[in-house]
Amino acid sequence: MEGGGGIAGNGIGRGYLAERGWRSWAFTLDHKRIGAMYLWTTTVFFLIGGVFALLLRLELLSPQAKYFSNHTYNVFFTLHGAMMIFLFIIPAIPSGLGNFLIPLHIGARDVAFPRLNLASYWVFAAGFLVIIGSLVAPMDTGWTFYTPYSAKSAAAVTTLSFGIFLIGMSSILTGLNFIVTIHKLRAPGMTWHRLPLFIWGMYATSIIQVIATPVVGVTFLLLAAERVLGVGFFDPSKGGDPVLFQHFFWFYSHPVVYVMILPAMGIVSEVIPVFSRKPIFGYSAIAYSSLAIAFIGFLVWGHHMFTSGMSPLANAIFSFLTFFVAVPTAVKVFNWIATLYKGSITFESPMLYALTFIFLFIVGGLTGPFLGALATNVQLHDTYFVVAHFHYTMMGGTVMGLFAGLHYWFPKMTGKMLNEKVARAAWALIFLGFNVTFFTMFVAGTRGMPRRYAEYLPKFHTENVISSIGSAVLAAGILVMCWNFVQGLRKGASAPANPWRALSLEWRTASPPETENFEEIPVVTEWPYGYGTRKA
Amino acid sequence: MSGHSGGHADRAASFEAAKLGVWTFLATEVLLFGALFTAYTVYRIQYPEMFRAEHLKLDRVLGAGNTVVLITSSLLVVLGVDAIKRGMTRRFEAFFGATILLGAVFLCVKYVEYAAKFHHGIYPRTNLFFSIYFTLTGLHGIHVLLGMGVLSYVIVLSRRGRLSAEYHTPAEMSGLYWHFVDLVWIYLFPLLYLVG
Amino acid sequence: MGSVFSFGAASGQAGRVDALFVLIAAIGGFFFLLTQGMLIYFAVKYRRRLPGRDNETPAITGSRLLETLWILVPSIVVVVIFYYGWRVYTDQRIPAAGETEVHVTGRQWMYEVKYPDGRTAANEIRVPAGKPVKFLLTAADVLHGFYLPDFRVKMDMIPGRVTVLRVQPERPGRYPIYCTVYCGTGHSNMLGELVVMPPREYAEWVEHGGREERGREPLAVRGERIMKRAGCLNCHAVEGKEKIGPNLRGLYGSKVPLEGGKSATADEEYLRESITDPGARIVKGYPNVMPTFRTSMPPEDVEAVVEYLKTLK
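Residue numbers (the working numbering), protein chains in the order written: chain A, 68 to 603; chain B, 190 to 385; chain C, 42 to 354.
Chain A extracted, bound-state conformation:
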């Protein structure tokens, strides 16, 4: 049954991976190799960022400082946040899986500007090298770098600002490349409504990246200017406004959460139909909801600032608009669930993670209204409730989506199959560990525990111990998963071209694909969700 139609043979000469030597990687123009490089790089930062998280949870086992000084703890949470956000979660799916898949999904040989694509990676690399360089004087500002503290800090904030600027540039160039690719390089017959939903998600993501990222670039430039040139945009003693920094910062940083989630939602839209053997329910709704989320997402940044002294009118407007971003999101969730109806569902690891995404993202999403509503926001802002909310959406959402995608496309990218049993065992540990770690944070936050606290009052001790135990289980699960990937790469069984019997174009290529992707550019005559054995 497995190994459906498509090009015969699987990985003869190992396709795009055949050519060896570091130069064939460093100077590659192949989107698949560039995507692979991003995946490896972001994985490294995920693990480092994860280590910082574990150190935080270790320290939080005791209410008072035990293993590290408070300053060290503060550095750790800053590095955890900054690394996870800028060096992992923003680039991982778009620049990693996106690079690998977009040309394949649309029936093209590569992206629109392959050299620009390579440049994107090296600018990203320059960025992370500069960020690592800034660790000589690590900062404790939190990943949000609020002024005046960040402007006055003795840490290497200027260097780090420059590093983040470079990361942002890489992000913009990638987004630009993808927009042009999706517009201009679709195979004959690949109309917009025959595009895989992953592409719709990536398209909306790229638009956000291109529009929002320049603003954060300027924000960090101005922060550096404040430190180096003494300009006073955010300095009250010079007539500046510290809250202006927050406006600039969140104008980017709110839309960027949709950069994080939309690609993951795209992955879920790919996986669910395949493992339900049913067409996706509500294709247009899911496609357009991505655009709606991108659009509305630009209008709501003030909801991070309800307690910053903004006028009640501004607060009301932001709160009102914030609720509306929930509607297209809910639409997706309902459509995915409807896809399961009367399906023929199997629970291979990609599907396990896709279903987990939906489950955990619902939790994250339903805790959003507490924060969008003004009165409860005033209570819960800057507490662990927020920390729990964004970990449920970012980790329970995006990271689970990434895991789903990695398991789903592993055979395609590497030509090997993963060990399903080990994958499921890892999944179980991750699911259990994740919920124990983060659900308790909702409790701590509701009871009033502020975030970014190295030390806390004894009354929060129990939640913190439980959460830390959960983090150990979560870490174990991730390690098992990583080990499974390594084993798969080394010793995995040979993968057929189409192990999941899927219909999108990438499965018509060999596993792994040849460098040019397709022998002949396909002519597309139908959409990629024609599953289902009988008419409705």
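Keep in mind the hints are simulated off the structure, nothing from the lab. No experiment lies behind these values; they were computed from the predicted model shown. Check before you lean on any hint, since a few could be wrong.
To be verified - Here are the computed lysine-lysine pairs in the DSS-like style, where the Cα-Cα straight-line distance is at most 30 Å:
#1 B:K246 - C:K325
#2 C:K175 - A:K526
#3 C:K86 - A:K409
#4 A:K526 - C:K172
#5 C:K303 - A:K305
With chain A's structure known, arrange chains B and C on it following the hints.
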């Protein structure tokens, strides 16, 4: 054609893709400068008196002169692109070369202005108006410099015989970028130098 | 509402925030059970029965009716939640008569407390139960936060600005104050305490005082002295015939028409700004000639002058 022509089927598609790419890039630049213009607006509304008093310290003559320089340079770019569209590579190189020259003139004038300010003890940190003046014109100046680099590269391409009436995408695209840089100055100049 | 998930609300407003919390939790809980329930139910019910053979699956691709339904219903639900969130929030901001005012300045890493009668304290704030309290918050160095979890409210403390937080504590007791905006190494140690005292005890404390510094003149008295010394009365009369600038009696709390058609309410922030940035908002019909006192008058003096202006009713 190399194996990796970016997956483009033909020249026309390639050109269309390049055009969309450059316009998208210009959109990002609008946001980049837009953030600074927003800061300008915010502080202008908050400190109208200070802005009025300080902006008089700017040299309007030099500013106006620079405006003429940039507008002329954009005209030269248009003439250059027109030339290459008709296959007149030498003429194209001359026009683009002259554009770069005018770009250099622009930067020299800016240097004179900055030096004069520093000489009078006016720095970016002096007050919010000058913070905005230096960051806005500084960022713009960097873009002028980068534009000169891009135009130089396109001239090099032409000298290597890579541009023609059939293929002149780099010329058009870099011309678009230069027009954008000019356009930003058209906003900058009145907002900083003229408006009281 | 004393459960492991929350803790007793110490004011009427806090109770309303809790009610909203419960409402959102109930709505969320309903949708949670609905969606997760269907997710799990479908996953189980429609699992493939025979290994190696798919169930028969219908090629259903969508339903206009369902899409409309699940766009409309969530939209209505969120508007309802928005509305209650906004109502409760707005009610927290209504000024009340007879407010006890307390000035708090956040500074790395403690809260400086100043009462209108000149008394100062560090980290401990005393207020009477059953009366409205108005906190006037600012920061001396970087951003800080002022969080009263038992009252379900917080407000950021911003250098160069005054922000306002209103509570009406009902239950006497001692309540923690947390800093919620990261401010450096001592951020998690910046603990304050709000002491809500029964009215009689509070009155006694006002009379005889506790451990606070005594012998300081009331803020308003000091403000009057600073004003006279700074030459404000050269251009501003308190009342009677106007000089160059507007008269000062009755200014606080009034609606001031501005050049350009807008108007402003002369609250603390407006008065403070008028002293440090007089050109920012010009009163209609007056020349823009007032000099700035930003560098010549330290913020605590500006504060005192504002307090004095407030007494000019």
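Here is what the structure says about each hint:
Only pairs whose Cα atoms come within 30 Å are accepted, and K246 (chain B) paired with K325 (chain C) is accepted, the gap being roughly 28 Å. A C-alpha spacing of about 28 Å is found between K175 (chain C) and K526 (chain A), which places the hinted pair at or below 30 Å, so the restraint holds. As the CA atoms of K86 (chain C) and K409 (chain A) are separated by approximately 8 Å, the hinted pair is consistent with the 30 Å bound. Note on K526 (chain A) and K172 (chain C): the hinted pairing holds, with a Cα-Cα distance of about 29 Å set against a maximum of 30 Å.
In summary, the hint linking K303 (chain C) to K305 (chain A) is supported, as the alpha carbons are separated by about 26 Å, within the 30 Å threshold.
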